[in-house]
Each structure stands twice: as C-alpha cells, then as structure tokens.
Amino acid sequence: MFGQSINKLATVTSFVLLALAGCGGGGGGGGSPQVTIPPPTSGAEPVFTASNIQVLSSKSEMVTGGDVVVDIPLPRGVGASQVAVTSNGVAVPNTDLQISEKGTLRGLITGLKDGRNELQARYIPTGALVASVKVKNSPSSGPIFSGPHQRPWICETQASGLGTPPAEGPCQVEPRYDWYYKNTSGNFLPLASLGRPFPADLAQTTTIDDRTVDYIVRVESGTINESIYRIAILDDPTKPTSKPWAKDGRKPGLGWNGKLYMHFTGGAAPAYRSGSNDVSAPWRLSDSIISNKDDPLALGFAVAIATRFTFGTGQNDVVSAESAAMLKEHFIEDYGLPKFTIGLGPSGASMQLHLIAQNYPGIFDGIIPDRSFPDNFSILGDVVDCALLDNYYKTKTTANWDVNKRAAVDGHGKNATQTSCTTWLSYSTQWQDPTKGFNSVVPTSIRYNATTNPTGLRGDIWTSNINSFGIDPATGFARNGFDNVGIQYGLQALNAGQITTEEFLDLNEKVGGLDFDGKYVATRSAGNLTAIENAYRIGRMNSSSNLTLPIINYRSYIDDKADVHSFHRTFATMERLIKENGTRDNMAVWVIPGTGTANNPNLIRLGVTTMNEWLERIAADKSPTPYAKKVIANRPDSAADACWDTNGRRINEPWTTAGALGRQTTCAQLYPVNGDVRLAAGGPRTGDILKCQLKPVNAAEYRASITPAELARLNAIFPSGVCDWSKPSLNQVKPDADWLVFGEVPGTWSVLTQ
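Each residue of the sequence shown is one higher than the last, beginning at 1 in UniProt numbering.
Please keep in mind that the hints were generated in silico from the structure rather than gathered at the bench.
As the structure is a prediction and not an experimental result, all values here were calculated from the model.
Glycine is no exception: its CB is placed at the ideal position from the N, C-alpha and C atoms.
Take these hints with a grain of salt, some might be off.
Said to hold, decoys possible - Below are the DSBU-like pairs computed for lysine-lysine, each with C-alpha atoms no more than 30 Å apart in a straight line: (1) 251 with 102; (2) 510 with 727; (3) 510 with 405; (4) 734 with 629; (5) 629 with 339; (6) 695 with 579; (7) 339 with 243; (8) 396 with 436; (9) 134 with 251; (10) 510 with 293; (11) 579 with 727; (12) 510 with 695; (13) 251 with 622; (14) 136 with 247; (15) 579 with 734; (16) 561 with 436; (17) 396 with 519; (18) 239 with 293; (19) 251 with 339; (20) 629 with 579; (21) 622 with 102; (22) 579 with 630; (23) 695 with 519.
As the list claims (entries may be wrong) - Label pairs and their computed distance ranges (CB to CB): (24) 278 with 451: 35 to 41 Å; (25) 206 with 443: 16 to 22 Å; (26) 727 with 254: 43 to 49 Å; (27) 189 with 416: 41 to 47 Å; (28) 707 with 600: 20 to 26 Å; (29) 113 with 600: 26 to 32 Å; (30) 495 with 605: 41 to 47 Å; (31) 202 with 247: 29 to 35 Å; (32) 619 with 197: 37 to 43 Å; (33) 522 with 443: 32 to 38 Å.
All chains, full assembly: derive it from the sequences and hints.
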C-alpha cells in the first residue's frame with residue numbers, strides 16, 4: 001500500500017530459533033520459548049533466496065503505535081507451518097498470521113518498541129532466512145515526517161466527548177466505540193442495545209456492491225497525531241469487528257464494501273490546538289460522519305475524519321498528510337486493507353487533497369476536490385493583494401472606484417455591490433498578520449503582540465509552516481515569501497480602457513505592501529527568496545508532479561455571488577497538470593448552478609460512485625500500460641467533463657481554458673470564468689509565479705498612449721522594472737522528491753529512504 005520494504009539477505013545452517021507453533025505472548029512480549037533447530041540429516045530441502053517482508057499498513061520507516069501489518073512471501077515448496085516469524089528475536093504467535101489469497105503469510109505484528117525493529121521469517125528445518133524487514137516505530141501521537149509539532153498544544157478531547165486531556169505529555173486518549181442506527185425517518189439515533197431485537201424503525205441501506213444491510217453504524221473515536229479522529233463503518237453489533245488479522249478474529253460485516261473514504265474540510269487558520277468535533281457533527285459546513293450527507297457511509301464505505309483534516313484547524317498540509325497516513329495505518333490494522341482510498345472535500349480541503357496526493361503518493365487512490373484551489377501559497381499573493389487594493393480604495397484615494405472598476409482591476413467575479421476581493425478580506429490580512437486568525441480556545445495572553453508580547457504565538461501562515469520555510473535571521477520569525485515587486489495592478493483594465501492612465505499610475509504609486517507583521521507600508525513587499533524556493537522545492541506549491549491519479553474536480557458556480565470559491569482556480573490546476581504531465585485527461589471537471597437549486601445533482605454521491613467505477617476499472621486492468629496512461633484509458637463515460645443547467649440537465653462538454661475564455665460552449669456561456677488580481681495584472685492562468693522576474697518599463701507595451709511624464713512616473717514606480725510574465729518565477733525549481741521528512745531544525749528536510 002505504501003511501498004516496498006527493506007531487503008535483507010542471509011544464509012545460515014543452524015541457529016537458535018523461536019518455534020512458531022504453540023508460542024505464547026505477543027509479538028514483542030517476553031516468555032516465549034527458544035528452540036535449537038539442528039541442520040537436517042537427510043532429504044532434499046528447498047533452495048531459495050531470502051526476500052523482503054512487505055509492510056502493508058505504512059511505509060516501513062513510518063510505523064506507529066507499536067504494530068504493523070506485514071505480508072511475508074513463502075518460497076516455492078515452503079509451507080506456512082514450516083516458517084517461524086520473529087519480531088526483535090521474539091516469536092510471533094501463529095494465530096496472528098494467516099495465508100492470504102496470494103499464498104503469502106499475512107498478519108498483524110504487535111509489541112514493537114519505539115525506534116528500530118527487525119522482523120524475520122525463517123525456514124524451521126534449516127534455519128534459513130526466508131524474508132526480513134527493518135521497521136522504524138514511532139508513538140501514535142506523532143510526528144513521523146512533519147517535523148516538530150507546535151507548542152503549546154491545546155488538547156480538546158473533553159470538548160469532543162472523549163474525556164479529560166492528559167495533564168502532561170502529548171494529546172492522546174484511549175479510543176471509544178459508539179453504535180448508532182438510522183431510522184426510517186432518516187435520523188441517526190443511539191443504538192440502545194447491541195443485541196436483537198433491533199429497533200422497529202431501523203432502516204436498511206444498499207451498498208455500492210448491491211448488498212442490502214441494516215443501517216447500523218459503529219463509530220470509533222480517538223486521537224492520532226494529536227488530532228481527534230472518527231471512523232464510521234456499517235457493522236453488525238452482534239458480531240462486531242475485532243482483530244481482523246487474527247485467525248480467531250472477526251472482519252467487518254457485509255456492510256463494508258472494502259473501501260475507505262476520507263473526508264476533509266476547509267478554512268485556513270493557525271492551530272496550536274487539536275481542534276474538536278463530536279460524533280453527530282464533527283464536520284464543518286453541516287457535514288457529519290452520521291448526517292444527511294451520509295452517502296459514502298450508506299454506500300458501504302468506511303468513513304474517516306480527523307480534526308487535522310480541517311484546514312481551519314491548522315493550515316499545514318504536511319500535518320494533514322501525516323494525520324491521513326497515520327489514520328489510514330490505524331484503519332488497516334484494526335479493520336483491514338482497503339481496496340482503495342478516496343479523499344473528498346471542499347475549499348481548504350482541496351488544497352490538502354492536491355498536496356497530499358502530490359507529496360505523499362499512495363495515501364489516496366483518487367481525489368474529489370470540491371470548490372477547489374490548487375494550494376494555499378499560490379493563491380496567497382492574489383488574496384493579500386485584495387487587502388492592499390482595499391486599503392488603497394479606503395485610505396489612499398478620493399476617486400470613485402465603483403464595483404465595475406474594482407472588478408476590472410482585481411479580475412474577480414462580482415455581485416451588485418462588491419467583488420470577491422472584498423469577500424477575501426478576512427483571509428487577506430489574516431495569512432500575513434500574526435495576531436489574527438486564532439480560535440478563541442487559544443488564550444489572548446499567549447498570542448503575539450509586537451509591543452506587549454513580542455515572543456508570543458504567531459498566527460500567520462508562514463509560522464504555521466515554519467518547518468517548511470525555516471527562520472529568517474533578519475527578523476527571528478518564519479521566512480515570508482509574499483512578494484508584489486513589479487506587479488502592475490490593473491494592467492489589463494488600463495489596456496481595455498476600463499480605467500484611466502492616471503488611475504493606473506496613482507494606484508500603483510500608492511498600493512504599497514506589508515511588513516513582516518502584516519502591517520501596511522508604503523513600499524512594495526519583497527519576498528524572502530529562500531521561502532520562495534522552498535515553496536517549490538518541498539511541495540508547498542501544487543506543481544502537479546505525481547498528480548496522475550484520478551481526479552474529479554467539481555463545484556457549484558458562485559462567482560456571481562462574489563464568493564471566494566472562484567471557478568478560475570480549477571483552470572489553474574488544469575493548466576498545471578498540462579504543464580507538468582502534458583495532459584489533464586486524468587481530471588474530470590463538473591459544474592452545477594449555485595447553492596439553493598433544487599434540481600442540482602447530489603455531487604457527493606455522484607462523485608463517489610463515479611470515482612468507484614473509475615478505480616474498479618483501473619484495478620481490473622492487468623495490462624503492462626504505465627499507471628498514468630492506465631488512469632486515462634480507464635476513465636469511464638460517467639467521468640466526462642460536464643455542467644448542469646438549472647433544470648438539472650447534464651451537458652457533457654469538455655472544459656478547456658481557451659473554450660471557457662472564448663465562451664465557445666454552452667457550459668462556458670452558463671458559467672463564465674473570471675480571474676484574480678494577478679491575472680488582471682497580466683499573470684498566467686497557471687497562477688504559479690510567487691515572485692516575477694522583471695523587465696524594463698516599455699511604453700510601447702501599453703495600449704494607452706503614454707506621455708513622457710507618465711513614462712517617468714512609471715519608471716519611478718518600478719525602478720527595477722515590471723513583471724515579465726513570460727518567464728517562470730524567480731527561484732522556481734522542481735520538487736526535490738516525495739515523502740519528505742522534515743527535521744528538528746525549521747527549514748530542513750530529508751528524502752525518505754527504504
């Protein structure tokens with residue numbers, strides 16, 4: 001699932017071996033007998049070369065919680081009863097291992113110590129090494145690759161119904177299990193008794209594999225990676241899932257379709273807290289693990305959520321990836337190996353989905369970003385620009401900048417009174433201002449204040465990702481990559497005659513920038529070059545490397561409501577896929593009318609069922625075709641690009657940037673594509689330039705007639721030149737690798753080796 005394990009070869013003729021049959025105790029416990037196995041005296045023994053034990057539940061270097069699911073290959077002529085398995089030299093009971101459908105020995109090994117462990121399988125008659133692997137085990141409180149966790153950390157287990165948090169140490173409590181049923185009125189209620197007879201109003205559900213079962217749900221709640229998680233699964237309370245890997249264990253019942261669905265949610269805010277949820281409403285936006293948006297659960301998917309899947313609980317996609325990897329590992333160990341895993345979620349969730357799939361491939365098999373953004377840092381420039389423009393309109397000019405002029409300058413969609421830039425304002429300053437964005441559970445007394453508490457907690461987005469960007473020695477704070485040097489705000493509006501040359505010049509003279517505390521200053525902001533390079537190098541930017549998996553990108557169209565979830569962000573992802581991979585045919589694009597339209601399809605259900613069909617087709621394709629091409633070749637008709645009109649009619653038409661901008665199709669006419677501040681300043685549709693390269697001011701490049709005096713003003717405004725959008729960003733580099741491990745020192749990382 002997460003990759004291959006380490007290979008170790010060895011040959012022995014006799015040795016002290018722990019006998020497999022009849023051994024007691026756990027994988028890491030004591031008290032198991034040792035038996036000396038002499039070399040054989042006669043008879044031909046099978047000849048084989050030692051191979052590697054495959055770790056199924058995680059990367060071998062990223063095992064957590066002291067247990068691991070492994071797959072042990074058996075050489076030809078060697079039976080399971082002829083193999084003894086040890087963990088750090090201690091016998092693994094034969095009841096913990098079973099023969100898989102592939103003829104391998106598979107099971108859960110427990111009792112691993114923190115740090116390095118060695119697992120071995122040996123052929124009992126000769127003591128020859130059959131297979132081995134070295135694994136690194138870490139506590140289930142993490143971290144495993146995100147770098148040091150934030151401190152202090154407010155543990156919200158009590159607010160989540162999981163009891164008092166530990167007085168000291170990591171945020172971690174014992175798991176809890178609750179049972180619910182859905183009644184025939186569509187409501188979820190606690191299941192009073194786990195035995196029959198069940199409630200008379202118990203509903204049934206038909207899963208995606210056409211099994212009709214009682215709608216009874218087991219919800220597991222606990223902590224992983226200092227995040228509060230919930231796992232919901234259709235199960236039989238009279239025979240609940242228990243030790244599914246053991247010979248005497250019980251696998252999930254018929255209600256589980258064998259697949260895992262992870263739901264992510266949006267926002268973007270600093271953490272210093274676990275976040276909280278509860279069984280009945282743990283998701284934002286009125287979603288719930290047991291709610292009226294229960295389609296994945298009703299279809300038989302196991303559903304997993306965690307507070308660190310919510311970007312509004314902590315704007316750090318590496319921690320999101322880490323939490324997802326650890327929760328998936330736990331699911332595999334306690335429920336079974338999912339055939340595939342789907343991630344879905346809106347807004348800030350889409351940032352997480354894109355970057356987890358890009359930077360930590362293997363966690364997801366398919367993603368469904370809703371109302372998507374490519375990532376957090378590539379949209380930050382435009383979002384912060386909105387604050388600068390708003391400050392200009394309010395404090396730097398007396399001219400009448402009506403909504404039409406503002407829309408021409410900022411490029412965003414608009415309603416009758418404002419553009420999306422105005423809607424963005426809460427984030428525009430929050431991401432740069434270290435005093436904003438905190439949840440109320442974080443005491444004001446420990447937050448940063450430049451005057452009264454200069455060493456307090458900073459809430460800006462750069463500090464939230466300090467393990468990625470490191471510390472700027474000039475400020476002592478996290479490196480900050482926001483840059484607006486050379487940007488000609490309103491360039492396209494000027495060239496289109498929507499603003500005057502004087503308005504263009506005055507705006508660019510006075511728009512200014514922000515300092516490291518997010519305060520307005522008269523000069524433009526110059527981003528830290530190391531921060532900018534790191535954003536590309538370590539995957540804080542969506543470069544679309546590794547994004548060859550199936551993607552269904554859907555959204556409701558709300559550009560005309562001046563909403564921040566602008567349709568043009570989908571095209572940024574589309575263009576990056578084409579730029580990186582030569583195609584975006586692995587991504588379906590769906591658009592429906594804005595909220596409140598009764599004829600709209602249920603996109604969660606449609607997205608999940610379509611993704612399921614797509615992944616099943618890929619799984620059935622046993623050809624040697626490369627994976628990326630296999631994904632495209634097996635894209636089903638149900639995953640065609642489409643839009644829906646207000647009557648609920650599906651219109652299958654391909655979405656292309658040229659077609660959308662040219663309004664060439666029915667869908668493009670129904671749902672026009674807007675832009676943003678940097679697009680309106682001449683930037684590319686990819687939206688992936690953090691700091692533009694510069695070129696000299698050239699009067700011939702303006703459609704308006706530029707006088708010598710105006711040209712002099714332009715050169716004074718842009719002494720180093722203006723953006724040359726035909727070139728890549730300064731310090732734009734390819735990502736180092738995937739599965740990066742961040743170090744104890746902020747801004748350091750290494751590549752996972754196994």
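Verification of the hints:
Restraint check for residue 251 and residue 102: the C-alpha separation of about 18 Å stays at or below 30 Å, so the hint holds. Proximity of residue 510 to residue 727 is assessed by CA-CA distance (about 26 Å); at most 30 Å being required, the pair is judged to hold. Using a Cα cut-off of 30 Å, the hinted pair residue 510 and residue 405 holds, with the two alpha carbons roughly 17 Å apart. The straight-line distance between the Cα atoms of residue 734 and residue 629 is roughly 22 Å, inside the 30 Å bound, and the hint therefore holds.
About 20 Å separates the Cα atoms of residue 629 and residue 339, which keeps this hinted pair within 30 Å; it holds. For the proposed pair residue 695 and residue 579, the alpha carbon gap of about 24 Å is at most 30 Å, so the pair holds. Under the criterion of a C-alpha separation no larger than 30 Å, the hint pairing residue 339 with residue 243 is consistent with the structure, at around 18 Å. For the given pair, residue 396 sits about 24 Å from residue 436 by alpha-carbon distance, which is consistent with the 30 Å threshold.
This hinted pair checks out: residue 134 and residue 251 have alpha carbons roughly 28 Å apart, not beyond 30 Å. At roughly 48 Å between alpha-carbon atoms, residue 510 and residue 293 are farther apart than 30 Å, so this suggested pair is violated. Note on residue 579 and residue 727: the hinted pairing holds, with a Cα-Cα distance of about 14 Å set against a maximum of 30 Å. Between residue 510 and residue 695 the alpha-carbon distance is near 21 Å, which keeps this suggested pair within the 30 Å criterion.
About 28 Å separates the Cα atoms of residue 251 and residue 622, which keeps this hinted pair within 30 Å; it holds. Of the supplied pair hints, the one linking residue 136 and residue 247 holds, its CA atoms being roughly 26 Å apart against a limit of 30 Å. A threshold of 30 Å between alpha carbons decides the hint, and for residue 579 with residue 734 the separation of about 12 Å falls inside it, so the pair holds. At most 30 Å may separate the alpha-carbon atoms for a hinted pair to count; residue 561 and residue 436 meet this at roughly 26 Å.
The suggested pairing of residue 396 with residue 519 holds, with an alpha-carbon distance near 15 Å, which does not exceed 30 Å. Distance hint between residue 239 and residue 293 is fulfilled; the C-alpha atoms sit about 27 Å from each other, no more than 30 Å. Restraint check for residue 251 and residue 339: satisfied, since their Cα atoms lie roughly 14 Å apart, inside the 30 Å limit. With a CA separation close to 16 Å, the supplied pair residue 629 and residue 579 stays within the 30 Å bound.
Between residue 622 and residue 102 the CA atoms are separated by roughly 16 Å; this keeps the pair inside 30 Å, and the hint holds. In summary, the hint linking residue 579 to residue 630 is supported, as the alpha carbons are separated by about 20 Å, within the 30 Å threshold. About 28 Å separates the Cα atoms of residue 695 and residue 519, which keeps this hinted pair within 30 Å; it holds. Judged by the Cβ atoms, the range 35 to 41 Å given for residue 278 and residue 451 holds: they are separated by roughly 39 Å.
Here the CB-CB span from residue 206 to residue 443 is close to 49 Å, at odds with the stated 16 to 22 Å. Between residue 727 and residue 254 the CB atoms are about 58 Å apart, so this pair departs from the stated range of 43 to 49 Å. Restraint check, residue 189 to residue 416: a C-beta distance of roughly 45 Å satisfies the suggested window 41 to 47 Å. Between residue 707 and residue 600, the C-beta spacing of about 53 Å breaks the proposed range 20 to 26 Å.
Checked against the hint of 26 to 32 Å, the pair residue 113 and residue 600 fails, with Cβ atoms roughly 53 Å apart. Taking 41 to 47 Å as the suggested C-beta distance range, the pair residue 495 and residue 605 conforms, at roughly 45 Å. A C-beta distance of roughly 32 Å is found between residue 202 and residue 247, which places it inside the suggested range of 29 to 35 Å. The beta-carbon spacing between residue 619 and residue 197, approximately 39 Å, falls within the hinted interval of 37 to 43 Å.
Between residue 522 and residue 443 the beta carbons are some 34 Å apart, a value that agrees with the proposed interval 32 to 38 Å.
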